[in-house]
Amino acid sequence: MLINTRIPFRYIFRKVKNDLLSVLCFSVVFHILKLFFVDYLPIIPFQLPAILGTSIALILAFNLNQSYDRWWEARKVWGAIVNDSRSFVMQLKGFTRREGDAGTILKRMAHRQIAWCYCLGQSLRGQDPIAAEQTRHLSEEDIDFIKTQNNKPFALLMLHTEDLRNLYQSEAVNPFQQVQIDSTITRLCDSMGKAERINSTVFPVTYRLFVHFFIYLFLVVLSLALVETIGLFEIPILTFIASTFFLLEKTGKHMQDPFRNKPTDTAVTAIARTIEINIKQVLQEEEVPKPLTPEKFYLM
Amino acid sequence: MLINTRIPFRYIFRKVKNDLLSVLCFSVVFHILKLFFVDYLPIIPFQLPAILGTSIALILAFNLNQSYDRWWEARKVWGAIVNDSRSFVMQLKGFTRREGDAGTILKRMAHRQIAWCYCLGQSLRGQDPIAAEQTRHLSEEDIDFIKTQNNKPFALLMLHTEDLRNLYQSEAVNPFQQVQIDSTITRLCDSMGKAERINSTVFPVTYRLFVHFFIYLFLVVLSLALVETIGLFEIPILTFIASTFFLLEKTGKHMQDPFRNKPTDTAVTAIARTIEINIKQVLQEEEVPKPLTPEKFYLM
Amino acid sequence: MLINTRIPFRYIFRKVKNDLLSVLCFSVVFHILKLFFVDYLPIIPFQLPAILGTSIALILAFNLNQSYDRWWEARKVWGAIVNDSRSFVMQLKGFTRREGDAGTILKRMAHRQIAWCYCLGQSLRGQDPIAAEQTRHLSEEDIDFIKTQNNKPFALLMLHTEDLRNLYQSEAVNPFQQVQIDSTITRLCDSMGKAERINSTVFPVTYRLFVHFFIYLFLVVLSLALVETIGLFEIPILTFIASTFFLLEKTGKHMQDPFRNKPTDTAVTAIARTIEINIKQVLQEEEVPKPLTPEKFYLM
Amino acid sequence: MLINTRIPFRYIFRKVKNDLLSVLCFSVVFHILKLFFVDYLPIIPFQLPAILGTSIALILAFNLNQSYDRWWEARKVWGAIVNDSRSFVMQLKGFTRREGDAGTILKRMAHRQIAWCYCLGQSLRGQDPIAAEQTRHLSEEDIDFIKTQNNKPFALLMLHTEDLRNLYQSEAVNPFQQVQIDSTITRLCDSMGKAERINSTVFPVTYRLFVHFFIYLFLVVLSLALVETIGLFEIPILTFIASTFFLLEKTGKHMQDPFRNKPTDTAVTAIARTIEINIKQVLQEEEVPKPLTPEKFYLM
Amino acid sequence: MLINTRIPFRYIFRKVKNDLLSVLCFSVVFHILKLFFVDYLPIIPFQLPAILGTSIALILAFNLNQSYDRWWEARKVWGAIVNDSRSFVMQLKGFTRREGDAGTILKRMAHRQIAWCYCLGQSLRGQDPIAAEQTRHLSEEDIDFIKTQNNKPFALLMLHTEDLRNLYQSEAVNPFQQVQIDSTITRLCDSMGKAERINSTVFPVTYRLFVHFFIYLFLVVLSLALVETIGLFEIPILTFIASTFFLLEKTGKHMQDPFRNKPTDTAVTAIARTIEINIKQVLQEEEVPKPLTPEKFYLM
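From first to last, the protein sequence lines are chains A, B, C, D and E.
Residue 149 in full-length UniProt numbering is what sits at position 149 of the first sequence, and the numbering runs on without skipping anything.
Residue 7 in full-length UniProt numbering is what sits at position 7 of the second sequence, and the numbering runs on without skipping anything.
Residue 73 in full-length UniProt numbering is what sits at position 73 of the third sequence, and the numbering runs on without skipping anything.
Residue 186 in full-length UniProt numbering is what sits at position 186 of the fourth sequence, and the numbering runs on without skipping anything.
Residue 200 in full-length UniProt numbering is what sits at position 200 of the fifth sequence, and the numbering runs on without skipping anything.
Here chain A stands alone, though its shape is the one from the complex:
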């Protein structure tokens, strides 16, 4: 997540460098063409780029809106993960009898929940889901088990269900409480699936493509029209206009894919850290980590 600070100009510029270069190219080419072949070039009436400009602005605005919705949905899913992780541990603590090994199971489940959050975040970003930080919170057997499984975060939920079963069979929770905690696990499973859905569903490719093509069509026609009327000034003005359109297009593109290990990502590691802090405080542990701080201009 980009934070509310001064974003480095280089970061922004790098995103649209290539597109701006090609715009620069054709606007220069048209300028030269005009000098030598003035009679063969059409005199584009200015209303033509106006029609195209309004149309592409519209399509782009809707596209941005859809991308924004996708980004916000991803954030909501991780918000639900925060809420359900907290409720999960609070329910475990409020329901289980404090006898026998129930306390041990409870602690194991709570720590596993912390690991699950980190693990899901890494896995969505295509990184090793059992990296250093979170395995600290898992028992040896748990690690051995999830190594045999493809979908690591799902495997952790399976272990949760197994432990809940044990709690029920040792009568540490009653049937109602089991079902209530199971509902919370189901919601966690839902959130995981939703994040995977957003991650694995490509934003309609042709839609993205045609919007890009449409912007170029608009800029070419605009360039042809401007070259007639304002001559050399056309080059900087066109570049500015092009950069605005391309920047907005790129903003949309980044919001469409919120788990790509980029600065514009949903801050899943920071969220997992928050959950870790909350859960450890419920368990009244002494070593509670600090919240994650932003790296330069973004928070991962």
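No lab work stands behind these hints, which were simulated from the structure alone.
All values derive from a computational prediction rather than experimental measurement.
Keep in mind that a hint or two might mislead.
[Claimed, not checked] Partner residues aside, some chain E positions facing chain A, computed with beta carbon under 7 angstroms:
| no. | residue |
| --- | --- |
| 1 | Phe-145 |
| 2 | Arg-165 |
| 3 | Ala-270 |
[Stated by the list, open to error] Below, computed lysine-lysine pairings styled on DSSO-like, alpha-carbon distance capped at 27 angstroms:
| no. | chain 1 | residue 1 | chain 2 | residue 2 |
| --- | --- | --- | --- | --- |
| 4 | E | Lys-262 | D | Lys-253 |
| 5 | B | Lys-253 | C | Lys-147 |
| 6 | E | Lys-152 | A | Lys-290 |
| 7 | E | Lys-250 | A | Lys-250 |
| 8 | A | Lys-93 | A | Lys-152 |
Beta carbons: idealized from backbone N, C-alpha and C, even for Gly.
Given the coordinates of chain A, work out where chains B, C, D and E should sit on it, guided by the hints.
Frame of chain A; chains B, C, D and E shown alone:
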């Protein structure tokens, strides 16, 4: 689902071939008319196509948005199917007592759930719902039963309910657990119904029709206006503009119907495969299939 | 529901006949005025209709979007009715003990559910809710009871509750199961209320009115502007443009009211038929009706 | 709720009278200024009002959409109240044992529910919540109790909870049934809170203000531009355009506040009456009132 | 929350002062440039600012809409807090047996719920969450406990769970009732998490940035175009147009962040006060505070 790769030009071109041809036709005809009957043709003021262009761009953008929502809803429904299939098997495993034939019933239900996903996908696409792949996971009696039923996926859910009843009567699950699992089956039944709803509800036909008609009206008026001002150049420019509008219209049309056995479909077979993998890992089976890989530029 | 076939031209034309006629009228009148009183008519600058055209296109597009949402909500409500009807019967079958007269009650409730769907559809369309088709599925006492009640579909749900009470008192269902089935009845009651809400809430009348007035304002100003520039051609061009706007307005109007016994209605009878088929197959009855087929270009 | 009939012209005109008057004023002033100070007035290029017109139309259309959503949300809340009131009474009837004074309590609760609906409606509209009509349905003690409470409708729900507690303690309902009915009361409490939220949350004031200011800015600039080109005709044309914009703005404003005791309100009294009829029919009472009929052109 | 009264002009003006100043600057600069270097300045065709104006209006309108949705979501979250706080206390009162120390626990929980609302509001606004007003309602031990915790409102919910556990163990509530109350606490935990999500998720920074940049680009181009056509009048007209765009942009910006201790905030303190009043009336306490009154033109 189209994947994030280079889409073949031929695939895209084929979609708008016919419409582009007719645009080419009338732009040539207007050009010839102008040469011979210049005095009888009206001099269309350029603001007229501007009004129409803005209007159709607006209507088209909203139409695209509604189509996008429909496509995303379809994807969400299948996301819910993934989540509930996983929860279903996890609940079965976490709840049922491991005594008597409960283990056999559990395995049968889990395999039936895999079959259900494939079966629903095929059925939505209008293909034989009991094709090779999924029947592997069904028992003989199950197959015999669903052959007598019209709605095959619904019939599989009925068998789930019957098996759940058996589990309850043999006291392998307690009353709360029965009701909790029943809620999961109800959600699966909901998702099935939602997918059927999207599939069987035609996008308002007249709406679609008038949008198409409106694009033509705009292009004809634009052609008449351009023929006056830029002559022969009108033909390529109009063709480019027309192609953008028609491509966006077609993109919308494809998103409206996400279960038509086309490359733009929701990737139901790939999703069913993911569910198969997940469930088989929960059952700790040895033979787990690989995820489906894209065929050229799309994933079914 | 209009189906994906060739819609008869007459059907479409009839919708906008009157509006087109009045447009034709004033465009001819302006033409004549111009011939005789040319000096007194204002020379409308073409940007004026451009502003108005863009504005009304915008308002219309939003209006269409709101109408579409309303139409889709109505369809979703009926989708939920399909799902809950299926779940209802499946739950009844999966829960009730097969002893005593539980079987009879179950069958009666399932048939009543079929009748409820038809009855609700008829009632929403303002037709006699106890017409021939559905009463076949009701017992004599049921019919006598609902005749005394104003809201027939609601009365059928009351009878459901009464029968569920009987099942519980004869211990055919346990307390959890009673509450679970009651939740399904509550959802059916919700869907019924939602459909009634859409049906009884008039789309904001002034909004509808001002949009209509705005279209006329635009067309009058456009006509005045065109009469100056393109003369006689103004008449066909204006008619075409007007027809597009009016057709889109009418499309919105029809989507706003999806239960008016018109071809653009939500296909409630066809949906009720689907439910009938599904429920009868759950009951494994022999006589299962065929799905409803479209009448010419629409499905009721 | 305005009904689908001929809305009196006076009602509509009164809404925009003041704004139209001020538009008339400045358009006349500009006209006079032009006659005397023609050299000092700027010649506004017509594209300037075009830009402003498109922009304000956009902002207005979005504003209307947000207002519409708010209006529809209010209607949905009252739809949920209808559904939950019906379910509430149906559950009470289906669950409670018919022994002891359970029947009396049931009847009291059902009547209180009727009173609650009227009471909430009155209270939202800022009228005396214990007016004549609904107190008929309340017992003496109930009235005495709610008189001591600030939030009358909430106080009635408290009494519901108390009675439900009595039913449970006298074993007229079992624990599951108590919880199920309690869930319904919770949903009623939610709907009440939602209606209060819509009522007490002012639509962002500055947003509303700037939209109003923007319309004026547009009209002033348009007036300056028109005065140059079409002279005296400017006055009627500007008035027409202004009235369209102001009427749409007012439509939005009315939809933003659906509980203000105005003709555009959500028809809460009529809805409460519907609930009264439904509940009385469940109780099989003999005296069932008639549905509320519209007063002239609206339904309260 | 700004209330529906006359907003002081100074408050509004201060928001856009800086931006207006820079607009004034460059419009004056262009004017001077034109006087001296008239031959070197391009003659911007007026359609160019028209294209840009329409585009930025569009992007801005969508931006406003997204901001509005965020603001409304924040308000909805606090609406849910009102509803669930009321239901929570009503359930406690309706469920717990009136024996032993259950009454004391109930009262403590109800008072803690009041404190929680104030505490969450303060905490969201970055103020000391244990300020004077609310600690009045907490016991000594509670205050000592939450002082050791990072997330104060979450700590209060933990104490709720602990007390609920005590109620269950002393058999003051039965298992179903415990689970039902636990569901309400879970919903409160959800609402808290949702408010934190809105508060901690920065609105996409680059999006906000490019919109701001786009407005400037539009104003510069418009200024260049106006300077040609209307001379000195350009300065006031541009300032007016600029102020409209900047005011709408700022309105959006304020709605994006509804918990910043500003007049445009969601009125969390006033809402907490309402909850306090409601809960104290449920407990039938004698000292009930008055609702919060607006400070000048806003309500906190």
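Inset, instruction - Grab the minimum C-beta distance from E/Phe-145 to chain A and call the hint holds if it beats 7 angstroms, violated otherwise. - result: It is violated, given that the least Cβ distance between E/Phe-145 and chain A is near 10 angstroms, above 7 angstroms.
Checklist entry - Does the CB of E/Arg-165 sit less than 7 angstroms away from some CB of chain A? => result This hint holds: E/Arg-165 lies near chain A, its Cβ roughly 5 angstroms from the closest one there, short of 7 angstroms.
| request: Decide if the proposed pair is consistent with the structure: E/Lys-262 and D/Lys-253, CA atoms, cutoff 27 angstroms inclusive. | output: holds, 25 angstroms
Q.
So if I understand the rule, the pair passes when the alpha-carbon distance is 27 angstroms or less; does E/Lys-152 with A/Lys-290 pass?
A. Holds, at roughly 16 angstroms.
Verify the proposed pairing of E/Lys-250 with A/Lys-250, using a straight-line Cα cut of 27 angstroms. The given pair, whose Cα atoms are some 23 angstroms apart, holds under the 27 angstroms limit.
- Task: Let me know if the C-beta of E/Ala-270 comes in closer than 7 angstroms to any C-beta of chain A, holds or violated.
- Result: violated, 25 angstroms
Against the 27 angstroms threshold, does the CA-CA distance of B/Lys-253 and C/Lys-147 hold or violate the hint?
Violated, at roughly 47 angstroms.
Are the Cα positions of A/Lys-93 and A/Lys-152 separated by 27 angstroms at most?
Given that 27 angstroms is the threshold and the Cα spacing comes to 25 angstroms, the pair holds.
Taken one by one, the earlier hints fail for this structure at numbers 1, 3, 5, listed in ascending order.
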